[in-house]
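J.: Chain by chain, the residues:
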Amino acid sequence: MKQSTISLSWKGVAAFSVAALAVTACGPDTNGGDAAEEAEDTDWADVEPADSIVFATNHPGGSEDIEADFIDEFTEETGIEVEVITSGANYEETSQWFQTGGGSNADVVVLSDATWFPNYLNDALIPVDDVLEAADIDVSGYVEALYEDYLYEGNHYGVPYARSTPLFYYNVEHYDEAGIDGPPETWEEVAEISQTIVDEDVAQFGYAFPPSDEYPAWGMANLVWGYGGAWSDEWDFSTVSSDETVEALEFAQSGVEDGWANVAATSQTDDFSSGVASQTIQSTGSLGGIMDTADFEVGTAFLPDGPVAEGETPTGGAGLMLASASSPEEQLASAMFVGHMTSAETQARFSEETGYVPSHQDSDMSQVYEETPQFETAVDQLERARVQDFARVFLPGADLELATTLQSLLTSGDDVREEMERVESEFESLYETDLADEIEG
Amino acid sequence: MSTTTTPPQPWADPKPARRAKRRSSPEWTKAFSPRNLADTMLTGYLPILIALIIIVLPLVWMVSSSFKPVNEIVTLTPQLLPQDATTENYVTVDRRIPLMTVLQNSVIVTSVGSIIKVLLAITTAYALVFIRVPGANLIFLGILVALMVPPEVSMLPNFMTIEALGGRNTLWGIILPGLGTAFGTFLLRQHFKSLPKELFEAAELDGAGHFRKLFQIAVPVSLPAISTVSLVTIVNEWNSFLWPLIITDSRDRMTLPVALNQLRSVEDQVSSYGILMAGAVLVIVPMLIIFAMLQRYIVSGLTQGAVK
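Chains as they are written, first to last, in the working numbering: chain A, 1 to 441; chain B, 442 to 749.
Hints in this document: simulated from the structure, not taken from any laboratory. There's no promise every hint is true.
Some but not every residue of chain B turned toward chain A, in silico, with C-beta under 8 Å [as the list claims (entries may be wrong)]: (1) N477; (2) T481; (3) N512; (4) D690; (5) Q703.
Far from chain A, some chain B residues (derived; all Cβ distances over 10 Å) [to be verified]: (6) M482; (7) T527; (8) F600; (9) G650; (10) V660; (11) V724; (12) L729; (13) I730.
Bear in mind that the values here come from a model prediction, so they are computed numbers and not experimental data. Quick reminder that beta carbons are idealized off the backbone N, C-alpha and C, glycines included.
Hey, can you work out the whole structure from these sequences and the hints?
T.: Rendered as structure tokens:
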């Protein structure tokens with residue numbers, strides 16, 4: 001009797017488990033139509049802009065108030081109503097939201113350098129070239145390096161909006177105390193200055209490297225490029241374990257081993273602003289926060305040169321994308337809105353408020369630079385901008401892989417070449433499973 | 442009383458008195474003997490103190506930080522108390538999110554959600570124990586299975602169902618999927634099983650139906666257990682984050698934790714520590730009050746199983 005109860009019970013467990021599994025196996029249908037082709041078929045001359053659109057944003061850089069101002073101006077100008085949805089606190093949340101429920105009603109969405117491509121792969125975005133032309137938006141005004149980030153297979157899939165680059169920050173008081181004249185121009189000088197700062201006991205560390213959750217592969221691309229390496233050359237991942245890349249990372253590793261640099265525990269911003277480390281590289285978007293926090297004078301400089309290349313800077317931040325699920329009328333209205341949000345005048349005010357670099361070449365920032373000259377470094381540095389390596393921005397999961405590997409390399413002293421060869425094969429398999437069919441098929 | 446004033450009698454031998462004194466002295470000095478002191482300190486006060494510091498210090502630090510300007514938070518010379526106290530962080534929280542609206546949403550979701558949940562748990566548990574239903578054990582097993590499946594697993598089907606029902610950006614959409622509470626049912630079922638049968642037989646003899654037996658006997662004698670379930674439910678509902686985050690994107694319908702999450706902004710992290718601390722204080726304070734109110738019941742509820 002007892003026996004049969006137990007077996008009955010187990011049948012119950014089994015039945016419920018199967019039911020639970022069956023329920024969870026149902027996912028959404030991800031096979032959408034080919035958005036690019038659909039958009040190309042639209043004859044924009046016949047389309048009238050819609051009366052209202054939905055704008056999904058995470059207010060990058062704490063820009064909620066100023067975004068609301070821009071939207072009011074746009075509505076006043078065109079009569080098109082804009083409904084704002086706060087789609088998350090960061091880019092990943094926004095992208096998740098857009099891919100799940102939000103995609104069905106958002107017309108314009110803020111997506112970052114590393115999150116727009118998966119959405120493109122899901123056919124959730126339309127190419128903006130034709131629709132921007134139909135809306136009379138002159139794309140030649142955008143900073144070229146920033147706009148070209150959204151170019152894929154002959155079409156652009158976004159417009160640069162809240163764009164940033166990494167910037168070299170230094171503690172002016174520490175420099176004075178250690179008797180250092182000015183910011184370093186090369187990585188070799190970064191090491192020397194940092195060593196001096198540590199030797200003179202001015203600060204605990206001369207330089208702070210980012211931890212894994214501060215996107216180290218973004219800022220450190222400059223170091224790797226400087227040595228002639230890269231995270232990838234288009235879809236060729238062999239460069240991630242090339243001699244040059246390995247040499248660059250060994251340099252960084254030796255910095256931590258020799259004691260002139262550390263890997264920040266929470267964020268290099270915290271270490272720098274509190275005075276634990278005298279120099280760091282962090283986004284321009286953090287400039288405002290650092291200036292608020294730091295008790296000392298903050299200096300900014302171009303990213304350092306490497307032995308092979310001048311200090312090239314990766315671009316980052318977010319753009320505005322148009323949803324493929326919207327009707328052509330909404331897409332046209334969205335294009336007009338996108339044009340307004342990225343105009344020379346809007347971008348100047350946006351930059352002043354947030355610290356992002358203006359994405360329009362004609363933005364007048366002279367007054368801001370007079371008050372806070374640190375902002376100017378970021379904009380001047382755009383001349384050295386370089387489009388990011390495919391591996392980091394296009395390969396799903398690769399940025400995370402790089403981030404965790406970089407952190408463990410810098411903190412543990414593992415063999416760099418061995419680790420980067422492992423990363424390379426990891427990239428190959430990520431590519432095979434996630435991208436090969438989409439790109440080659 | 443008089444013994445202290447009475448002069449020593451000549452016939453009395455002072456020695457036994459001294460001996461007695463020596464014998465009686467341990468009664469009160471024993472408490473201060475090094476051995477006893479060490480015992481009490483090491484096994485009693487020290488662990489309590491350490492536990493208290495571990496639990497309370499972060500909370501104190503959070504409250505203190507919420508009144509600090511950011512340069513006192515990110516600094517090499519941290520102080521426990523704000524040197525230049527400011528309410529700016531709270532003002533910023535209030536400016537960025539509609540505090541009253543989201544607070545109201547949270548209160549509604551928590552109160553409606555927990556009342557229904559607890560009610561369902563009580564009635565289900567009662568039915569499982571006192572009503573003869575064919576396959577009651579099987580149903581109970583199903584509840585146990587539900588307890589083993591992590592809630593994240595059902596997130597997607599829930600989302601699709603609620604969205605199809607038109608529940609996005611509604612308060613009922615937040616409340617509905619969480620209503621079945623396996624934990625509460627399980628806990629109360631075990632508790633009801635331990636109640637003396639005689640109580641219910643007596644009630645039955647007096648002509649009480651199930652309804653009376655449940656609300657006039659089972660519930661009153663199980664108050665500590667029910668309070669424990671209520672408390673856990675209320676705290677869970679209040680802190681619930683993932684589901685409300687997924688199902689709402691309009692600020693008019695957000696709960697407090699979700700809205701406070703929007704205080705975080707990309708690339709603005711370092712200057713937002715104080716604001717986040719202020720937000721965290723606002724979320725925690727109502728819970729602390731509820732804990733303080735129900736504390737008596739929680740302790741008795743928790744120890745109940747142990748002393749049975």
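J.: Work down the list of hints and note, for each, if the structure agrees.
T.: Now the hints, each set against the structure:
1. The interface hint given for B:N477 is broken, as the beta carbon of that residue sits about 44 Å from the closest beta carbon of chain A, more than 8 Å.
2. The interface hint given for B:T481 is violated, since its Cβ lies 38 Å from the closest Cβ of chain A, which is over the 8 Å cut-off.
3. For B:N512, the interface hint holds, the least distance from its beta-carbon to any beta-carbon of chain A being 5 Å, beneath 8 Å.
4. Against a cut-off of 8 Å between C-beta atoms, the interface hint on B:D690 holds, since the closest Cβ of chain A lies about 5 Å away.
5. Using the Cβ-Cβ criterion of 8 Å, the hint placing B:Q703 at the interface with chain A is satisfied: the shortest such distance is roughly 5 Å.
6. At roughly 34 Å from the closest C-beta of chain A, the C-beta of B:M482 stays outside 10 Å, upholding its exclusion from the interface.
7. Interface exclusion of B:T527 from chain A stands, the closest Cβ pair being 13 Å apart, more than 10 Å.
8. Consistency note on B:F600: stated as away from chain A, yet its beta-carbon is not over 10 Å from all of that chain's, at 7 Å minimum.
9. Every beta carbon of chain A lies more than 10 Å from that of B:G650, the smallest distance being close to 30 Å; the non-interface claim holds.
10. Residue-level check passed: B:V660 sits 29 Å from the nearest beta carbon of chain A, beyond 10 Å.
11. Every Cβ of chain A is farther than 10 Å from the Cβ of B:V724; the closest lies at roughly 15 Å, confirming the non-interface assignment.
12. The claim that B:L729 is not at the interface with chain A holds, since no C-beta of that chain comes within 10 Å of its own (minimum 25 Å).
13. Listed as a non-interface residue, B:I730 keeps its Cβ farther than 10 Å from every Cβ of chain A; the least gap is roughly 27 Å.
This entry does not satisfy hints 1, 2 and 8, going by the numbered hints stated previously.
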